[in-house]
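With chain A held as given, fit chains B, C and D onto it using these hints.
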Amino acid sequence: MSSSSGHAPIVSVGTYVMVFVALLIGTGLTVFAASRDFGALNTPIALGIAVTKASLVCLIFMGVRYNTPLTKVVVVSGLLWLLILFGLGMNDYLTRTWMGVPGR
Amino acid sequence: MSSSFPLFPPSASSVSTEMDLLYLFIIAVCAFFTILVTAMVVYFTIRYKRRHPEDVGEPIHGSIVLELTWTIIPLILSLVMFGWGASLFYRLSRPPSDSMEISVVGKQWMWKIQHPEGVREINELHVPAGRNVRITLGSEDVIHDFAIPAFRVKMDAVPGKFTTLWFNATQIGTYHIYCAQYCGTRHSGMIGQVVVMAPQDYEAWLAGGRSTGTSVQNGERLFTDLSCITCHKADSTGRGPSLLGVYDSTVQLGDGRKIVADDNYLRESIMNSQAKVVQGYQPIMPVFQTQISEENLMQLIAYIKSLKTPAQEKK
Amino acid sequence: MTAATTQERHSYLDAPYGLKAWLLTRDHKRIAMLYLISITFFFMMGGLFAAGIRLELLTPKGDIWSADMYNKLFSMHGVIMVFFFLVPSIPATLGNFLMPIMCGAKDLAFPRINLLSWYLYVAGGIIALVVLAMGGIDTGWTFYTPYSSLSSNTNVTLAIVGVFVAGFSSILTGFNFIVTVHRMRAPGLTWFRLPLFVWAHYATSLVMILGTPVVAITLTLVALERSLHLGIFDPKIGGDPVLFQHLFWFYSHPAVYIMILPGMGVVSELVAAMARKSIFGYGFVAASSLAIAILGFLVWGHHLFVSSQSVYAGMVFSIITMLVAVPSAVKTFNWAATMYKGSISWESPTFYIVGFMGLFLIGGLTGLFLATMGLDIALHDTYFVVAHFHYIMVGGAIMAFLGGLHFWWPKMTGRMYSEALAKTSAILVFVGFNFTFFPQFILGYLGMPRRYYAYPDELQVWNVLSSAGATVLGLGYTLTFCYLVYSLFKGELAPANPWGAKGLEWTTSSPPPTFNFDEDPIVTEPAYDYKPHGTEVTVG
Amino acid sequence: MADVRQTSLGAGAPAGHAAAHAEHAHHPKQQHHFYSMEQQLEASILGMWIFLVTEIMFFGGLFMAYLVYRHMYPLAWTESSHELNVILGGTNTAVLICSSLTMVLAVRSAQIGSRSGQIVNLILTILLGSTFLVIKFFEYKAKFEHGLVPGPHFDPHELTASGALVPLSLPQGSQIFFSLYFIMTGIHALHMVVGIGLMLVMLVMAWQGRFTPDYYNPIEVSGLYWHFVDIVWIFLFPLLYLLGYHFGV
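Protein chains in written order, with this note's numbering: chain A, 1 to 104; chain B, 1001 to 1315; chain C, 2001 to 2540; chain D, 3001 to 3249.
Think of the hints as simulated: they come from the structure by calculation, not from any bench.
Only true hints are included.
As a list, the in silico EDC-like pairs of lysine to aspartate or glutamate whose alpha-carbon atoms are at most 16 Å apart:
hint : chain 1 : residue 1 : chain 2 : residue 2
1    : C       : Lys2341   : B       : Glu1058
2    : B       : Lys1305   : B       : Glu1117
3    : B       : Lys1305   : B       : Glu1268
4    : B       : Lys1107   : B       : Glu1140
5    : C       : Lys2236   : B       : Glu1268
6    : C       : Lys2531   : B       : Asp1055
7    : C       : Lys2341   : B       : Asp1055
8    : C       : Lys2490   : C       : Glu2419
9    : C       : Lys2236   : B       : Asp1141
10   : B       : Lys1112   : B       : Asp1141
11   : C       : Lys2531   : B       : Glu1058
12   : C       : Lys2061   : C       : Glu2458
13   : C       : Lys2236   : B       : Glu1140
14   : C       : Lys2531   : B       : Glu1054
15   : B       : Lys1049   : C       : Glu2347
Looking at chain A on its own, in the form it has when it is part of the complex (with noise of 0.2 Å):
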């Protein structure tokens, strides 16, 4: 995957200036989006356009997408184990009190 001197390959600065637009989009969108009250769905809604916007500075800023898949990989196993620690953590708050009993 890695070009035979094993660097990047030299990204235009259009793309790069696109990027960088979007973001602004998105930090404004996701200003403009906080102020009304969508219910259950601000967090969503907020949560979508940050995860958005971490995804374009990671795959394009941090040149993920031009990368080796082994640091696909490596990206990919750090959220799978952000991932573990939030899902088996929830796991006891969500259900405390699914017994009916204090403590249990």
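Chains B, C and D in isolation, oriented as in the chain A frame:
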């Protein structure tokens, strides 16, 4: 206990026999594998001792059948252990509904015990034999753990919330209570004893104890002293919701969630009153955190639990 | 230096001499030796605290130390043994020394970061010693809140800084290993030709990378709560102390695998070499290392069965914990099967691996007792737990560490030690260990809680037995230390391959030259490819 | 992965490191223990990514605490969030995004061998990073003035439209919110400080003309770190500042 090399603690509750059986079952499985593998390793070491410095072993690289065998057999055995253990744990997590309730508060470094009839003890717990006893645990400072090996029960007392354990003592006698979660300097001094008595002896003991009113009575007094009564009026005309029959009912909160009003919800609503406010009411109740002790809190909740709607009374 | 041979002249030990050359070295082998010296120091210190604990527990009453002193003894024993001995023990010494050689590389990918990792370790260690000089801490190595954050009046914050710094050193070691395995392997050394030691260390490194940062931030939160009142776990402002336990065990349970996985790697190497036989089920043993590392992250809640975690969460954690038993069983059976029809040498490393297998079996299987939720109610926070994890960490990890040290000692130092003494000490350690810790299983079921300084009279007999065993165990370790140090000065010179073993490390001289190989190695055969004498075919 | 190895094997020169990859063998930046420049570059980029994974987990512990307490105290979360300054937080988000752009442009300048491009973009990155910290400082200052710092002196006040500070009643759990706010943004700011330090080193190296289209490893790897810190902020901003924004608007 009389043996000079004791192997088991006294067996004095309705679950201790089953716990011992589970323990022995796992011992049997583990002993089998330990002996099997150790015997194999020792036998091979002797049988295949190197005879000549140039010798090498036979070129054996593996066997899928064997690998599957020793993947699947341990898997099945461990799932059996899980099933049995989970079922026992589940039963130990659900106090029967007919339990008598005793509250226990851990504090560096003592156990403060309060019987529903109002008798209080420190580091000593008297219970009748043959009755289900539900213990509500609280802590005033750090995490403690209320453990009675003879009953095979144990539960952490966590500051900031209530926890529960239950047992049914079967053998009359005196047994250790330990604090099993490290809690500071005199952690190992937080030892008490549980005295199991015949039911009639227990009644006699209760009658002889100095009672300062039952938990419900004490709770009722606090309800007035802390002015709870000025807002939480029985006829729902107050600034706070009526508390008749609130315990174990489903409450609609202001943010749309529904929640069952269990001990920990009542606790939170007293201590951090604005955390979960009932729909239709303003968050105006004062916060009682730091103003009320764990024991008083338990009395107050005992009183709130005793408040029944007329319909419930009839039943 | 009459014995100086041409071989010795270019060994890594001799090339530039002097304190400065050692302290600024970037050679992974020298860094391994620096680590070996420093962890030995902390092991002795932790051992002394253990002696203090066992001495106190001889009698039921608290008599030798004050209660506070006792609490500090076991806390410092735990902190030092876990963070300053066990976590770096095998990876930072044997791993550091062997990983590049086994990969056929000249060094780790980042030699300067490797040296930095040792300096961070030393810095963390010095902070721990300062804490000790200021009176130690009394929270236990688990730092449970709110005791550690609100109640204890010892130097918890500083101790946390020490652990944090040491944790950083562990991260750097793991990170270096991963990059080395991915990017530095010799030509022809494919993944499935790697020695199992490398696989095990790769799995360990994953745990170091993914787990350590979480404990670092968790302990930082405790320190911030103590020093700046930024309360996260404080129940008075609505914090949940159980959250600390979740975050803490997210690292600290996998940390057990940081300690035992490298030991498993060592044992895989030793079994193959001492039996001169290919490892039975290579692929399964390699995969089981990764399985243990991954499953290890999914089971932390089994430390919280009675700490008011939800019953449902407990069940999820319990069943996944049971699954960990499977890869551990796979490893054990494969080792035993490897010995079948082997040519088993009766030299001292064999004694250590046979001992390891016995102790690790008991340690691993007693984990099943604790993973079984119902039974855990009786055993939680008792001496049963103490016995269980000592069987894994001392019986398993240290036994494997000593076995590996004896096996690679000729390679690392170029000297042979006394075989007779080595066998004696292996037996002493094995016997002493069992006498120390087996009685603690019984004490646990009898209900004796952990961290007790005084206990009821009827429990004395098992405690006396345990303390007596500890004496023998201590004697065994001391003996090992003495003859190994002696061998450094007076030991026979070791040949390049004293065991007749396969592996890249045995193809270079003992001790190896600074850049490990005189010629860059090219690998043409799988690991452990033992062939009967005279039938060796060299494939071009 | 293994293809790197194959080429080395193909070179078939086990006689010493110097012989393998003759075209790179004499590159002055190649460290002794690597076979080739290419191997060295790949190792450093992989290394940085692995380091970033540890950073993910480091912040992950904080996000876990955030998640748990947000679940426990939803009301406290929205009401406390309302006390944060969205305008300053939003400005800071934009500032960081700009700095990420200048960062990639600096790396790109190194790729195409433009020394002046590197210097200008690095200086801009450092300036933007510092701007972020200055804004952060004023934000913190306001929190101190409003009594929103957790601990014994926690005493929330609010600035009214008329400019007066009036006492404010926040639900239980809000102290934990502000603890998390200070710790999360504080640790993020600490990362910014480290990043600015790193950029200063890069600036000196760029000034000395150390980076060429053949060798710009350090600046590329530092860039990865800078973008990571930006990503953390992209999540912190909505999670901390915007939760209660629609409240009372």
